[in-house]
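All chains should be built: construct the whole structure from the sequences, respecting the hints.
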Amino acid sequence: MTEVDRRDFLRGAGFATAAAAVPTEASAAIARPPKQISPQAVGMLYDSTLCIGCRACVAACKEANKMPAEVPATLTGWNENTWDSAEDLSGRTLNVIKVYRNGTAEQKDHEINGFAFVKRHCLHCIDPSCVSVCPVGAMQKDAATGIVSYDPDVCIGCRYCVYGCPFGVPQFDFSSALGKIAKCEFCRHLQKDGKIPACCDVCPTGASLFGPVKELEREIERRTAAAPGTPYQFPRGKIGENRPPNAATIPTYVKGVYGEHEAGGTQVRYLAGVPFPKLGLPTVGRQSPASLSEGMQHTIYQWLIAPLVAFVGFAFLARRNLALHHDDDAPPSKEG
Amino acid sequence: MSTAAPLRRSLVTPTTLVLVALVVIAFCFLLQRFLFGLGAVANINPGYPWGIWVVVDVIIGTAFGCGGFAMALLVYIFNRGQYHPLMRPALLSGLFGYTLGGFAVIFDLGRYWQAYNLLLPWHAQLNSVMFEVALCVMAYVVVLWIEFSPAFLERFGFVGIKRILERWMFVIVALGVLLPTMHQSSLGSMLLVMEYRLSPLWFTLWLPALFVISALAMGYAVVMFEATVVSKTFSLPSEHALISKMSIVVGWITVAWLVLRFGDLFARNALPLAFIGSISVFLFWVENAMFLAAALVFITPAGRASQRASFLGAVALLAGGSLYRLDAYLIGYQPLNNWSYFPSVPELMVSIGVVALEVLLYLIFIKTLPVLHGDAARR
Numbered sequence: 001m002t003e004v005d006r007r008d009f010l011r012g013a014g015f016a017t018a019a020a021a022v023p024t025e026a027s028a029a030i031a032r033p034p035k036q037i038s039p040q041a042v043g044m045l046y047d048s049t050l051c052i053g054c055r056a057c058v059a060a061c062k063e064a065n066k067m068p069a070e071v072p073a074t075l076t077g078w079n080e081n082t083w084d085s086a087e088d089l090s091g092r093t094l095n096v097i098k099v100y101r102n103g104t105a106e107q108k109d110h111e112i113n114g115f116a117f118v119k120r121h122c123l124h125c126i127d128p129s130c131v132s133v134c135p136v137g138a139m140q141k142d143a144a145t146g147i148v149s150y151d152p153d154v155c156i157g158c159r160y161c162v163y164g165c166p167f168g169v170p171q172f173d174f175s176s177a178l179g180k181i182a183k184c185e186f187c188r189h190l191q192k193d194g195k196i197p198a199c200c201d202v203c204p205t206g207a208s209l210f211g212p213v214k215e216l217e218r219e220i221e222r223r224t225a226a227a228p229g230t231p232y233q234f235p236r237g238k239i240g241e242n243r244p245p246n247a248a249t250i251p252t253y254v255k256g257v258y259g260e261h262e263a264g265g266t267q268v269r270y271l272a273g274v275p276f277p278k279l280g281l282p283t284v285g286r287q288s289p290a291s292l293s294e295g296m297q298h299t300i301y302q303w304l305i306a307p308l309v310a311f312v313g314f315a316f317l318a319r320r321n322l323a324l325h326h327d328d329d330a331p332p333s334k335e336g
Numbered sequence: 337m338s339t340a341a342p343l344r345r346s347l348v349t350p351t352t353l354v355l356v357a358l359v360v361i362a363f364c365f366l367l368q369r370f371l372f373g374l375g376a377v378a379n380i381n382p383g384y385p386w387g388i389w390v391v392v393d394v395i396i397g398t399a400f401g402c403g404g405f406a407m408a409l410l411v412y413i414f415n416r417g418q419y420h421p422l423m424r425p426a427l428l429s430g431l432f433g434y435t436l437g438g439f440a441v442i443f444d445l446g447r448y449w450q451a452y453n454l455l456l457p458w459h460a461q462l463n464s465v466m467f468e469v470a471l472c473v474m475a476y477v478v479v480l481w482i483e484f485s486p487a488f489l490e491r492f493g494f495v496g497i498k499r500i501l502e503r504w505m506f507v508i509v510a511l512g513v514l515l516p517t518m519h520q521s522s523l524g525s526m527l528l529v530m531e532y533r534l535s536p537l538w539f540t541l542w543l544p545a546l547f548v549i550s551a552l553a554m555g556y557a558v559v560m561f562e563a564t565v566v567s568k569t570f571s572l573p574s575e576h577a578l579i580s581k582m583s584i585v586v587g588w589i590t591v592a593w594l595v596l597r598f599g600d601l602f603a604r605n606a607l608p609l610a611f612i613g614s615i616s617v618f619l620f621w622v623e624n625a626m627f628l629a630a631a632l633v634f635i636t637p638a639g640r641a642s643q644r645a646s647f648l649g650a651v652a653l654l655a656g657g658s659l660y661r662l663d664a665y666l667i668g669y670q671p672l673n674n675w676s677y678f679p680s681v682p683e684l685m686v687s688i689g690v691v692a693l694e695v696l697l698y699l700i701f702i703k704t705l706p707v708l709h710g711d712a713a714r715r
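Residue numbers (the numbering used here), protein chains in the order written: chain R, 1 to 336; chain H, 337 to 715.
It should be emphasised that the hints constitute simulated quantities derived from the structure, not laboratory data.
By construction, the Cβ of each residue, glycine as well, lies at the ideal position given by its N, Cα and C atoms.
Treat the hints with care, since some could be wrong.
[What the hints assert, rightly or not] Output of the computed footprint for chain R on chain H, the stretches with three or more beta carbons under 8 Å from beta carbons of chain R:
| hint | stretch |
| --- | --- |
| 1 | 375-388 |
| 2 | 510-522 |
| 3 | 530-540 |
So, in structure tokens, the structure goes:
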């Protein structure tokens, strides 16, 4: 399991001051209105304090999505592709568990001398950058469920989605001549058959919980409203399903819910006992990047009025000036 | 009829042979890329999905191809006919800058065999800045070939077609100014989605304006650079008198760019970030110093009068504009998960090969087609 890189969050923190949580007036004026979450949106709640780092979700994800095992170069000596040890998201890994460690790493979910787990995969943004930037519409957001899906038969492999995702999620498989983008699609192929995403299905503690975003939001409220130490029945699998819950106590959560506001909000939400930047979750402002770039583009190109006016003006001047020269290679005009 | 003529020189020279060798090396690495994937040749990675094949060959390469755009604006829109002798060489460099930029896109695309989806209306994604850039660049490549076609038509004596073309040339010229304005500004807009990943020294709502203005300045700089190199290499009479007159325009465009760049940084309160010690901050200053140096050369009479200073000014402008693009796309960008990137040797050789092919084709064209100003070329 890879450690969350410390330089990464330092960098993120330094950047946070610049990428203010609230957009500037000018950028808010140009941005198109924010997109709203669908009432039927499905999502996931990942509670870092419940995660025991067993990585059953990583293995189940690989199996459900037919992805190969990954073995870092340092482990190939003894691990002959039988044991997946993916270190991060990649063209062959859609879901990964990472660990935060500090000092003696004695206590779980403590920032100092503690450790904590974090799960990384697509957050299924309410207003996804990848969908906005894709030139051919290979990335689509389902109008009802809000699942952000990928179609390899449409994709041209430009990797603008990899470059543009504020969370660093979509990955291109550079190791193949016919590489494609890899990203979590919420196991939409399983959901079609009434099943739930593999990671939530196998999670033994309910750290990964699937369900409608509305219900997950209520669950988050219940957990954060209860006093630390209160006995609590943590649901497992899918919220509202009759699976035996995980009986434990309410931990001490850090303030906030990651994914509630980031980049215009996401359908995956995080609760944690350690500040989110320390878990390697990128510091991202509230305004969705897509709303700004689309706002600018549609302001400049609205109804193609500006380009058409410019074209007519250029054509008029070019016609007049070319006629003045008669031949295109005529001697220089007297003007200028 | 035409005052342009082919340059009567040998096609096979030590220079062209070296260029051919570089092109062959690049094609070998490209073969490797198509057989074993992008990762086998390039150092691009999850943190840096775009490397020099995108940024140098396409983003910077098309800015180098803006000579035709810049000269068409001056000659046909602002009716400065005296610069017409510079028009065809400018178009020729634009032709190769853009055609090879488009070619570079194909080998960088991970799923190139589906690239035609860009042209299928049911896949069109109108929110995507890249979609607009792709269509505009493709259209502009066609426009450039038509704009340049009189050179072929003259060479092979198709007088009738040339006459019909000339009647409609104003439409092509208008498109030849409109399309680069659109996609060069959009190359800046492509970064607007990077608000949380790009340093505030480069991220601004003015990105589209900064990109198109600097592309225009680079377009003139390419013309100045080429005119000087070509006249020196083939010992032709210097075009300096013409260039010196044109450079005042370039000077003020560069000043306008700097005012916008720093005015915006100041207004956004981002200037303090330019005083933190880091590589990207250092390159920020190098990039702007280049623009400033070029501006100083071109707006002062002494700078304009000196052929050497003007040439160095053009070089500074090309270097500054290139570095600005490199910084905005790669160096001022903060990758997640601590990835780093430096191009591999094969990756560099491919980009060098693209430039070599560009220079090679330029040399072949000026020696076989009426491109250069006739009086000079016939000597």
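- Task: Hints the structure violates: just list their numbers, smallest first.
- Result: As far as the earlier hints go, not one is violated by this structure.
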